[in-house]
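Chemist: Sequence:
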Amino acid sequence: MTKNNSKKSAQAGNISSNKTTASNSSNLARIQKIVSAHGKLSLDDQITYMKHKGITFNYITEDAAKDYLSQNTYYYKVTAFRKNIAKVNGKYTSLDFGLLSDLATIDMYLRYALIKINLDIEHTLKALLVNVITKSNAEDGYTIVKEYDTYCKNKLLEEKPKFKEKNYIPVDKKIMSRNKEIDGYHYDLYTKRKNNPPIWVLIELMSFGELIRFVEFYYDSNKYNKKLFTPAFILLKYTKNLRDSAAHSRPLLLDVVLPKQITPTQNATQYAEKAGVEKLERRNLVSNKKIHDFICMLILHDEYIKSDAMKYDRKIELANIIERCTKRSHYYKDQADLIRVYRVLSKILANYHQKC
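Going by UniProt numbering, the residue at position 177 of the sequence shown is 177; the numbering climbs one at a time, nothing skipped.
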């Protein structure tokens with residue numbers, strides 16, 4: 001090949017490379033414009049944008065990632081976990097798509113387990129409330145409904161001073177009216193009790209948020225055996241967001257590495273200390289909202305669930321999730337923050353129901 005031919009070949013290669021670079025830049029600019037407008041990205045665009053943000057595809061190929069995004073989950077669900085990873089100059093460091101998909105799987109198992117734990121707590125508290133009200137000679141089952149309604153109305157007016165009292169819906173009407181549809185599961189209960197429901201009917205039909213408010217009412221009103229509900233009065237409200245996220249299949253394991261989000265309850269801090277969580281980790285991670293709320297949920301379950309068999313089942317399920325976290329430990333070798341979270345959660349779980 002002559003020098004002129006070699007020169008022409010090199011020039012052609014440079015032109016081709018420049019065209020490819022220009023094309024890639026144009027494509028990326030298009031994708032960024034879509035992202036800024038919160039528009040829809042194709043699977044190819046999703047992969048391109050993740051690569052632009054520093055996400056690699058070493059453990060899972062790009063084609064396998066496309067299959068995963070189209071068959072197992074969707075872009076937001078799996079990329080939400082990226083918030084646990086630090087950025088350098090706007091790009092993620094040491095973050096592979098394999099890690100994101102692994103966290104998504106662990107998150108799924110955790111959501112299912114927490115739903116069971118919360119259902120245990122919810123059922124047990126409702127049963128305990130009905131039991132103590134039934135045993136109390138001061139209660140007829142109806143007067144307490146009026147007292148609860150007054151409590152709820154006063155709380156509403158206190159929290160929302162501009163709320164017009166004439167627009168207030170009595171709590172019994174509000175709860176019962178949700179069940180008035182003829183094809184609803186509780187229509188028979190509604191037709192029989194809609195006009196003057198006793199408290200045990202309302203407790204049965206209460207949402208979790210309404211149950212929290214009723215526990216607060218019962219405790220604040222110095223009702224019979226109120227001390228039984230002290231842990232629930234203090235901690236139950238902290239479990240609601242965790243419970244709602246799990247029930248609606250929203251990711252839990254995002255932002256779990258963020259320290260000092262809240263001032264933790266003394267109960268949660270003491271529980272972590274008893275579990276062997278070191279002082280610095282307690283200060284940084286027990287103050288993370290989700291870790292704190294998870295501890296509160298475990299405390300309540302351990303306090304109110306009396307069946308050792310049920311506690312054992314829940315502990316084994318959670319222990320299996322902790323063990324599952326180590327299945328692809330090489331994905332996390334550069335993620336010190338996530339490793340710390342794993343270590344803390346392992347200790348906290350080990351402290352749950354020591355009889356197991």
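Hints are not guaranteed to be accurate.
[Claimed, not checked] Distance condition first, Cα-Cα at most 27 Å in a straight line; then the derived DSSO-like pairs of lysine-lysine:
no., residue 1, residue 2
1, K166, K155
2, K192, K160
3, K83, K40
4, K77, K192
5, K315, K237
6, K192, K173
7, K237, K162
8, K306, K83
9, K66, K33
10, K153, K164
11, K306, K116
12, K91, K40
13, K306, K333
14, K155, K174
15, K83, K180
16, K279, K237
17, K135, K223
For the record, the hints were derived by calculation from the structure and aren't laboratory data.
Computed from a predicted structure; not experimentally measured.
Chemist: Any hints this thing doesn't respect? Which numbers, in order?
Modeler: Of the numbered hints given earlier, those the structure breaks are 2, 4, 8, 13 and 15, listed in rising order.
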